[in-house]
Amino acid sequence: MAPAKTRPIQKFSEATAKCSAQAAAYGKCIVADYNSVHKDKCVNEFIKLKDCYLRASKK
Amino acid sequence: MSGCARSLFPAGRCLSSSRQLPISTFNRRAFAVQSGGAPRFQVFNRRTKWLQKERTALNPEESRVADYLKDEVASRLTERLLRRAVAVKKLTNRLTRQDIKRHFPKVLDLGANSCNIARALVRKNPDPDPDLPASPPLVTRISELVAADSSEGLLYRDADHDFNKQINIIRQVLDDEESLPFEPNSFDLVMSSLSLHWINDLPGVLTQINSILKEDCPFIGAMLGGDTLFELRTSLQLAEQERRGGISPHVSPLADVKDVGGLLQKAGFKMLTVDIDDIIVDYPDSFALMQDLQAMGEGNAILGREMGPISRDVLLASEGIYRELHGNPDGSIPATFRIIYMIGWRESATQIKPLARGSGDINLKDILEQK
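Residue numbers (the UniProt record's numbering), protein chains in the order written: chain B, 1 to 59; chain Z, 1 to 371.
Rather than coming from a laboratory, the hints here were simulated on the basis of the structure.
Just to be clear, a hint being listed does not mean it is correct.
[Stated by the list, open to error] Here's a subset of chain Z near chain B, in silico, CB distances under 7 Å, partners left out:
hint, residue
1, 238
2, 241
3, 245
4, 259
5, 289
6, 319
7, 323
8, 325
[Claimed, not checked] Chain Z stretches covered by chain B per the calculated footprint, using a threshold of three residues with CB under 8 Å from any CB of chain B:
hint, stretch
9, 175 to 186
10, 280 to 288
[Stated by the list, open to error] Pair ranges (Cβ atoms, derived):
hint, chain 1, residue 1, chain 2, residue 2, range
11, Z, 246, B, 10, 48 to 58 Å
12, B, 10, Z, 353, 51 to 61 Å
13, Z, 307, B, 28, 29 to 39 Å
14, B, 58, Z, 275, 46 to 56 Å
15, Z, 204, B, 21, 28 to 38 Å
16, B, 18, Z, 266, 29 to 39 Å
Beta carbons: idealized from backbone N, C-alpha and C, even for Gly.
Using the sequences plus the hints, can you model the full thing?
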């Protein structure tokens, strides 16, 4: 039997797990006032999170 | 004005009268009646749901692993066949076991998924109690179980497992779970576990269940409702709101506990019991939760949802929010499944009925004060 393929979501999940600090910072920014969330409210935190994720997923 | 509004004259005739009404408020309909042949309110795409179930059945290993919720709910649901015995025991402090002496010749499991109810029925010693000897499996009180589901793959997934030999089970693939192909008065018990929350026309299906039951026979059902997956719902909403500036439905609208009693009553059931149970499952991250939901065949099937996968940006954002807003101290994340259990009995002349109002001759206050 062929080895089981790694699903994209698993790779995604592993890469995201390496960015817990950035994810927490982003989460805190949203949760600080979640009744008035608008587009790009936490864009700076998100860019940091995404950069981290992109770096982690390339390794 | 009222005479005009109520009259059955055509609109033009009425408008020519002395007092004119603006057209927009002009309404000649006296009663709110649904016109014949009107489409039912559609929320879920039944075909998508069918496809999702068939797909999970293609990967039986993963699907079996993700059956933990359905197996747990099925066993809690079948426990309700014992429930009355337990209550009586507590009251009288006597060993009365299996007070429902009733035997169920023909039982329907509507929306059987992978026959989780059948598996729960053959469990050994379903009522573990150190004071009592082991009780026989519930299946001894059932002659025939009809397991019906629209997904053939999922229904037959475990058809070669051992539990099939211990129970007289007939699998029946339904074309559509919303129109039941059974004769009226043909079942002694109808059960349904974690399927009703995908039904578009819940009042209609409950009415059909009521009619296929024999007189004085129960329907016992469990469905997801209320605050189920509120953590996932809120984090995806916040993430989409922040990343994309708008939201699309990802978690189904669900019936609330307070609606279910009314629904059962409307369908003609008597002696209702509705209760809820929260099952909270911890996951390592929100992706594990989503993968498991998919493997359960419980993916999103709302009509009018955004097609295609959720974008990675939103997934990334929602993971951070989920953990921050709802996460456990140990780093895992909780997911709440609120199960609504309902029991209703088909009406019968021999059933106990509430006495007429004002017919009581004992004052409850006296009894309570004596205590």
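Here's how the hints hold up against the structure:
1. 238: holds, 6 Å
2. 241: This interface hint holds because 5 Å falls under the 7 Å limit.
3. 245: holds, 3 Å
4. 259: violated, 27 Å
5. 289: This interface hint is violated because 11 Å lies over the 7 Å limit.
6. 319: holds, 6 Å
7. 323: holds, 6 Å
8. 325: Interface hint status for residue 325(Z): holds (5 Å vs cutoff 7 Å).
9. 175 to 186: violated (count 0)
10. 280 to 288: Held - the stretch 280 to 288 of chain Z has 3 residues with a Cβ nearer than 8 Å to chain B, which meets the minimum of three.
11. 246(Z) to 10(B): 48 to 58 Å: violated, 29 Å
12. 10(B) to 353(Z): 51 to 61 Å: holds, 58 Å
13. 307(Z) to 28(B): 29 to 39 Å: Holds: the Cβ-Cβ distance is about 33 Å, inside 29 to 39 Å.
14. 58(B) to 275(Z): 46 to 56 Å: At 51 Å between Cβs, range holds.
15. 204(Z) to 21(B): 28 to 38 Å: Violated, since residue 204(Z) and residue 21(B) (Cβ atoms, about 52 Å apart) do not stay within the stated range.
16. 18(B) to 266(Z): 29 to 39 Å: Hint violated: Cβ distance 53 Å, outside 29 to 39 Å.
The structure is inconsistent with the numbered hints 4, 5, 9, 11, 15 and 16, although it conforms to all the rest.
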